[in-house]
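We have chain U; now place chain D onto it with these hints.
From first to last, the protein sequence lines are chains U and D.
If you number the first sequence the way this note's numbering does, the last residue is 641 and the count never jumps.
If you number the second sequence the way this note's numbering does, the last residue is 641 and the count never jumps.
By construction, these hints were calculated from the structure, which means they are not laboratory data.
C-beta: ideal position from N, C-alpha, C; glycine also.
Incorrect hints may appear among the rest.
Lysine-lysine pairs mimicking DSS-like chemistry, simulated, CA-CA at most 30 Å apart [said to hold, decoys possible]:
no., chain 1, residue 1, chain 2, residue 2
1, D, K404, U, K405
2, U, K224, D, K298
3, D, K405, U, K375
Covered stretches of chain U, going by a simulated chain D footprint (3 or more residues, C-beta under 8 Å) [what the hints assert, rightly or not]:
no., stretch
4, 244 to 257
5, 587 to 598
Label pairs and their computed distance ranges (CB to CB) [what the hints assert, rightly or not]:
no., chain 1, residue 1, chain 2, residue 2, range
6, D, D411, U, K245, 25 to 33 Å
7, D, E305, U, N635, 22 to 30 Å
8, D, A597, U, N490, 37 to 45 Å
9, U, G572, D, N448, 30 to 38 Å
10, D, V462, U, N635, 43 to 51 Å
11, D, S467, U, H313, 31 to 39 Å
12, D, M531, U, F412, 49 to 57 Å
13, D, T625, U, Y568, 32 to 40 Å
14, D, L410, U, A469, 39 to 47 Å
15, D, F592, U, Q241, 36 to 44 Å
16, U, N635, D, L465, 44 to 52 Å
17, D, V462, U, G572, 42 to 50 Å
2 protein chains.
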Amino acid sequence: MSNGKPQIVIVGGGFGGVKLAQLFAKENVDITLVDRHNFHLFQPLLYQVSTAVLSTDEIAYPIRSFFRDNKNVNFFMAKAQGVDQERDVLLTNHGEIHYDYLILAAGATTNFFGMKEVEEHSFGMKTIQEALHIRNHVIHEFERASKPYRTPADRKKRMTFVVVGGGPTGVEEAGALTELIAVQKKEFHNLDFNDVQVYLIEATGHLLPMMTEDLQEETVRVLRKKGVNVMLNTQVVGYDGDVLKLKSGAEIPTTTVIWAAGVRAVDMMKNCGGECARDGRIWIEEDLMVRGAVHKNVFAIGDCAAFMHGDMKRPLPTVAPVATQQAVVAHKNIMKLIKGEGGLEKFAYKDLGAMATIGRGKAVVNKPKMTGFFAWCAWMLVHLIRLAGFYTNMTVAFKWTLNFLTSARLGRIVTNIKLGND
Amino acid sequence: MSNGKPQIVIVGGGFGGVKLAQLFAKENVDITLVDRHNFHLFQPLLYQVSTAVLSTDEIAYPIRSFFRDNKNVNFFMAKAQGVDQERDVLLTNHGEIHYDYLILAAGATTNFFGMKEVEEHSFGMKTIQEALHIRNHVIHEFERASKPYRTPADRKKRMTFVVVGGGPTGVEEAGALTELIAVQKKEFHNLDFNDVQVYLIEATGHLLPMMTEDLQEETVRVLRKKGVNVMLNTQVVGYDGDVLKLKSGAEIPTTTVIWAAGVRAVDMMKNCGGECARDGRIWIEEDLMVRGAVHKNVFAIGDCAAFMHGDMKRPLPTVAPVATQQAVVAHKNIMKLIKGEGGLEKFAYKDLGAMATIGRGKAVVNKPKMTGFFAWCAWMLVHLIRLAGFYTNMTVAFKWTLNFLTSARLGRIVTNIKLGND
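Just chain U, with the same shape it has in the complex:
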């Protein structure tokens, strides 16, 4: 591909990476977009796959489909492993890729804060595989609990579901779990549903840190009304797959712990020739260039980048709008460098507000402040607009409507049973 055109390499097909490739596609450059998956994942709806509302292919969109009409965009399915800035190459498990300009938009993974035992036994919520594991496991636990040979204690343990982390993911997962359980209740004639417990455990004193206090309290109220046992100021110290241990000394016997308590940058960021923050994010300058970039041609955006400048008091949130807003600035700045223009633009984050749904028909939105049914409609609309593809939009809108009207949960199936040839 040494046709003289600048070679732009993008790592990651998330919100930031896809946006960048779309912007560069209109320029006289060649783009290579690298991702270990062939699909763009709409992470904000992962919880709906994990609770059997949506199917995998409704939130996973083939990356190549974005670029049907862009012959200058090349998708390269591979796991990026690091960057050799001296030689201007990206290292992947399918060989090296030369770049003139590189943008790291590799995203984040679950942060277990070094608790290996918890990491081994609990479920993350960042990939489609993890969401499917949760769905298969939760549904399967009901089947296991219904077996006549279970002891009452064993049965109760299998019907106790714990979500750790009071951010949007944890709140949405806990709310959706109670609705899934309500559907299960109609079909397990021999199980006592008084045994079923859903916990939401949060280390700080409030849920949804980005919301105002009254919205936080409203969220707790709605969740408790739905039957979620919300525990604030509660810290998890261990989990062996059987008993969750809290800092207070209390224990919760459970076979299901869903960990939504934190994120960190993916491991490869350590090998990109930059300096990383404590959560693994690579430090970037105000123009989004990686701090100390050898040839001034490596940028980073989104969840994998650590940006803190001016009067900012905390790192930027790991949400899609940060990544897409940074994509716009990174594209502008690289085009300036290509054209030999000076004066790179400085990034400033414009907070568009936050929203979280608390189950069917209820949500909280902070800009403009809304709660209840109207907030939920706003939540649906925003998510539909952001979902990729007309076909996906139609299908998801259709399913949500049916789901709202009928409470159906189509996907309550266990698909990971090991099969022999019979």
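Using the frame of chain U, we list chain D on its own:
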């Protein structure tokens, strides 16, 4: 459950097993339905999952959902392993289940006719897992073929897709593959699609054995027009994952062989205390009772039962109508036995005709004889009617309409990538 009511145990939640449980649910009996999966699988549409048209949860319906209002139906998720007829117990991997009457409706699996090497390297088409493996593999092979370091021979091998078996499954799979490939062609800008080949290999001289000769010829014509390389009178003798070997001595280098060339009963049938035919199906009498049943209380229906009586020249086809028609007779006969009535009914199969689709907008139907678009509409209607659940019906009808209008293939994603924690 020793409440005095007769205990009916059904093995298998396929078309026959679900129908049986629905019939018995209205009687004063207790029913236990045993399946290793918690869902009823609509096998005729598996090929649509394997070619990214439908999602898994649109053809897999939770078995318990059929019996929400039937408190006398108990679902038991377990792998049935055999029957001890002397003690009237079904053996499963979750313990024994006592029965007063047992009906085996355990279904069929892929028949590789003893070719271990072929079995190891090719894809079956009987389970949801297998359909997903095919989808993931086919889509992944395009990504692998597109890597710049491939040799032309390696690339061509990865873009050669072979379907073995000219029954409905093979015909539908081959037709759907060409359409999937047409979508891929729009998105792989650097691949030469002249390298792509789809083969359909059949050992006999015709496709769709249950159809009339003119419909068979029409099927070959349509498939060839779609670009399928149809090879009749061609026998496969070996496949090592790399090269498919034919009896003629010819070889086809390919990384994808989908085996739809035959079925046999599941292995457990050997351990049910009856006598089995060459394809593993257990021999049953005209009243559907297992031949030589010790206590005259074990029946078998559908794909796992070998029925040949009167002037029949060949075993019954392994299709849903056989199983559901047998379910009706088995239910009647068992109720007669429970009531102490004599004169068990003899089963006679009523052939309702056969249909197969040959890709979008084309099908063949033999009763009444139809081809082309109208046959395809009839095919859609019949399959929608038979699909379980209003919600599923609506979703699938919706997707088929969108698919017909836009050729979209939502599910072209690879979801079985092994992931570390990054």
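Each hint tested on the structure:
The suggested pairing of D/K404 with U/K405 is violated, with an alpha-carbon distance near 46 Å, which exceeds 30 Å. Using a Cα cut-off of 30 Å, the hinted pair U/K224 and D/K298 is violated, with the two alpha carbons roughly 60 Å apart. Our distance criterion of 30 Å between C-alpha atoms is broken by D/K405 and U/K375, whose separation comes to about 52 Å. Evaluation of the coverage hint for the stretch 244 to 257 of chain U: fulfilled, as 3 residues show C-beta separations to chain D shorter than 8 Å, against a requirement of three.
Here the stretch 587 to 598 of chain U counts 0 residues with a CB under 8 Å from a CB of chain D, which misses the bar of 3, and the coverage is violated. In this structure the supplied range 25 to 33 Å holds for D/D411 paired with U/K245, their Cβ-Cβ distance being about 27 Å. At roughly 36 Å, the beta carbons of D/E305 and U/N635 sit outside the given window of 22 to 30 Å. Checked against the given bound of 37 to 45 Å, the beta carbons of D/A597 and U/N490, roughly 59 Å apart, lie outside it.
At roughly 57 Å, the beta carbons of U/G572 and D/N448 sit outside the given window of 30 to 38 Å. Hint check: D/V462 to U/N635, Cβ distance near 32 Å, so the stated range 43 to 51 Å is violated. For the hinted restraint 31 to 39 Å between D/S467 and U/H313, the CB-CB distance of approximately 37 Å keeps it satisfied. The hinted window of 49 to 57 Å between D/M531 and U/F412 holds, with their beta carbons roughly 50 Å apart.
At roughly 37 Å, the beta carbons of D/T625 and U/Y568 sit within the given window of 32 to 40 Å. Checked against the given bound of 39 to 47 Å, the beta carbons of D/L410 and U/A469, roughly 58 Å apart, lie outside it. Under the hint 36 to 44 Å, the C-beta atoms of D/F592 and U/Q241, about 38 Å apart, fit the expected range. The supplied range of 44 to 52 Å is broken by U/N635 and D/L465, whose beta-carbon atoms lie about 36 Å from each other.
A hinted range of 42 to 50 Å is violated for the C-beta pair D/V462 and U/G572, which are about 59 Å apart.
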